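Go ahead and model the full structure; you've got the sequences and the hints to work with.
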Amino acid sequence: MLSVISYPVFVFSVILSLVLSISLFPVAWLEFRPEWLGLVVFYWTFRAPAQFGILMAWCLGLLLDVLEAAPLGVNALAMAVVAFLVLTVHQRLRMYPMPQQCLMVFLLLGINQMLVHFIKQTLGGEDAGFSYLWPALISAFIWPPFCIVMDNLNRKLG
Amino acid sequence: MALAGGRAIKTIFVQGPVPGFRLLLVIILSTALIVADARFDKLAPVRSYIATALAPVHWLGNAPYEFSGWVASLFTTRDDLLEENEALRARLLILERRALKYAALASENNELRRLMNSSEVLDDRVIVAEVVGVSPDPFSHEVIINKGSRDGVSVGQAILDANGLLGQVQQTSSFTSRVLLVSDSSHAVPVEVVRNGLRAILLGNGDIDSLELVHVPDTADIRKDDLLVSSGLGGRFPKGYPVAKVSRITKEPGEPFVEIEATPMASLNRSRLVLVVFPPEEQAGESAPAGPEATDGPAPDQQEGR
Chain S
1 MLSVISYPVF VFSVILSLVL SISLFPVAWL EFRPEWLGLV VFYWTFRAPA QFGILMAWCL
61 GLLLDVLEAA PLGVNALAMA VVAFLVLTVH QRLRMYPMPQ QCLMVFLLLG INQMLVHFIK
121 QTLGGEDAGF SYLWPALISA FIWPPFCIVM DNLNRKLG
Chain C
1 MALAGGRAIK TIFVQGPVPG FRLLLVIILS TALIVADARF DKLAPVRSYI ATALAPVHWL
61 GNAPYEFSGW VASLFTTRDD LLEENEALRA RLLILERRAL KYAALASENN ELRRLMNSSE
121 VLDDRVIVAE VVGVSPDPFS HEVIINKGSR DGVSVGQAIL DANGLLGQVQ QTSSFTSRVL
181 LVSDSSHAVP VEVVRNGLRA ILLGNGDIDS LELVHVPDTA DIRKDDLLVS SGLGGRFPKG
241 YPVAKVSRIT KEPGEPFVEI EATPMASLNR SRLVLVVFPP EEQAGESAPA GPEATDGPAP
301 DQQEGR
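Sequences listed follow chains S and C, in order. When the letters of the first sequence are read in order and numbered with my numbering, they come out as residues 1 to 158. When the letters of the second sequence are read in order and numbered with my numbering, they come out as residues 1 to 306.
Honestly, I wouldn't trust all of these hints.
Chain S is nowhere near these chain C residues, computed Cβ spacing over 12 Å in every case [unchecked claim]: (1) Ala104; (2) Thr219; (3) Ala220; (4) Ile222; (5) Val258; (6) Glu259.
Selected chain C positions facing chain S (Cβ under 7 Å, derived; list incomplete) [as the list claims (entries may be wrong)]: (7) Val26; (8) Asp37; (9) Ala38; (10) Ala51; (11) Pro136.
Treat the hints as calculated values from the structure; they're not laboratory data. The structure displayed is predicted, hence computed values, not measured ones. The C-beta atom is built at its ideal place from N, Cα and C for all residues, glycine as well.
As structure tokens, then:
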């Protein structure tokens with residue numbers, strides 16, 4: 001848990017993650033893009049579980065639904081589940097060394113992606129095999145630098 | 001002291017209502033939303049409002065591209081500009097000559113149509129739009145253009161690029177619209193072969209440079225390199241725009257239908273500038289009450305925009 005939380009940093013990180021999730025990534029590699037918004041939700045519920053929780057994650061997921069043109073509520077539900085799982089494990093998570101945290105990021109965002117694809121397929125989407133887990137894996141690799149940058153920003157501006 | 005300590009601990013471990021209860025609430029809410037949106041299409045206005053609010057995100061996402069274009073334009077030399085100007089002028093001349101010829105043909109065509117008592121209007125009104133983003137979902141083929149309901153764009157309009165049909169508008173907000181490309185696996189266009197008017201349905205299959213022509217009987221007269229144009233049946237796409245070219249025909253003995261692959265004419269993943277086609281007003285007014293297919297909501301939807 002951080003001693004100080006900067007709300008401007010929160011807003012900035014949300015906007016940046018939304019922008020990054022629709023652009024600035026080679027179209028041919030879209031399959032491998034990190035799940036930016038998932039990382040943001042993970043970070044803020046992990047670092048400030050008292051201030052940011054399930055409802056915040058749900059609202060952010062709703063925004064992602066509109067950006068991705070997914071049925072409204074799909075990503076919202078998946079993000080809320082991530083927030084819930086982070087809330088239940090955040091005390092243990094804080095004790096974990098970095099590699100283990102990365103593993104948790106992979107697991108939770110993998111659950112997120114799995115939920116999204118499960119619902120989309122139930123509604124008649126395309127079956128993509130297990131390739132939908134790439135974003136979770138890439139996000140796990142991005143987690144350490146992401147976490148350090150966000151912590152520093154919070155400390156400087158909070 | 002003990003009180004303060006207790007409070008500090010409280011803020012760590014207690015979070016107001018139990019998270020499990022909130023999760024349940026959110027799950028119920030999301031399920032309701034998903035069902036309402038995906039099965040009953042009740043949430044289009046809500047989505048449109050949120051999309052309008054998110055327009056700045058699209059602008060920001062497009063900003064690096066525009067910025068690089070601006071920087072590049074700062075460093076263009078005068079000679080380059082002159083050269084480009086020259087080339088454009090030459091191109092304009094060629095196109096103007098073609099337009100002259102086209103005008104003569106169009107008037108002749110109109111005359112013939114008048115003689116045949118057919119009242120079809122030939123010219124469609126278009127506006128130019130720019131692609132400002134692609135869908136972040138790698139399993140759907142969608143792009144976002146910078147014209148929205150404020151510019152008169154509405155759901156179902158056809159989108160072209162310089163070479164052919166690109167897709168159709170699927171969803172609009174005030175400033176942007178979402179375009180479903182012809183290659184999306186949920187998209188289908190009614191087409192006809194230009195050579196002999198043979199009609200068929202062209203399906204997208206999730207592959208950006210190949211489409212699938214379905215339900216063509218084994219004996220149909222169709223060849224490689226045949227041009228497929230939109231047939232205008234179903235009332236969604238205007239008639240006569242090139243859609244694809246037949247690239248491969250596989251005949252399986254014993255199968256009732258031929259397997260036909262076609263390459264889209266439009267450069268689906270390269271076009272930056274696109275045209276939004278407005279159907280001519282008279283025609284729209286006429287066809288709406290005319291055919292049962294046109295008024296019969298879900299049927300054409302399923303056929304073309306599933």
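Hint check results:
The claim that C:Ala104 is not at the interface with chain S holds, since no C-beta of that chain comes within 12 Å of its own (minimum 42 Å). The non-interface label for C:Thr219 is consistent with chain S: the shortest C-beta to C-beta separation is roughly 33 Å, beyond 12 Å. Listed as a non-interface residue, C:Ala220 keeps its Cβ farther than 12 Å from every Cβ of chain S; the least gap is roughly 29 Å. Every CB of chain S is more than 12 Å from the CB of C:Ile222 (nearest about 28 Å), matching its label as outside the interface.
Every CB of chain S is more than 12 Å from the CB of C:Val258 (nearest about 25 Å), matching its label as outside the interface. Chain S leaves C:Glu259 outside its interface by the beta-carbon criterion, the shortest separation being 20 Å against a cut-off of 12 Å. Here the hint on C:Val26 is kept, as its CB sits about 4 Å from the closest CB of chain S, short of 7 Å. Checking C:Asp37 against chain S by beta carbon gives a least distance of about 4 Å; that is within 7 Å, so the hint holds.
Look at C:Ala38: its Cβ gets to within about 4 Å of chain S, closer than 7 Å, so that hint holds up. The restraint placing C:Ala51 at the interface with chain S holds, with a minimum CB-CB distance near 5 Å, inside the 7 Å limit. Interface restraint check: C:Pro136 against chain S, minimum CB-CB distance 5 Å, threshold 7 Å, status holds.
The structure meets every hint from the earlier list without exception.
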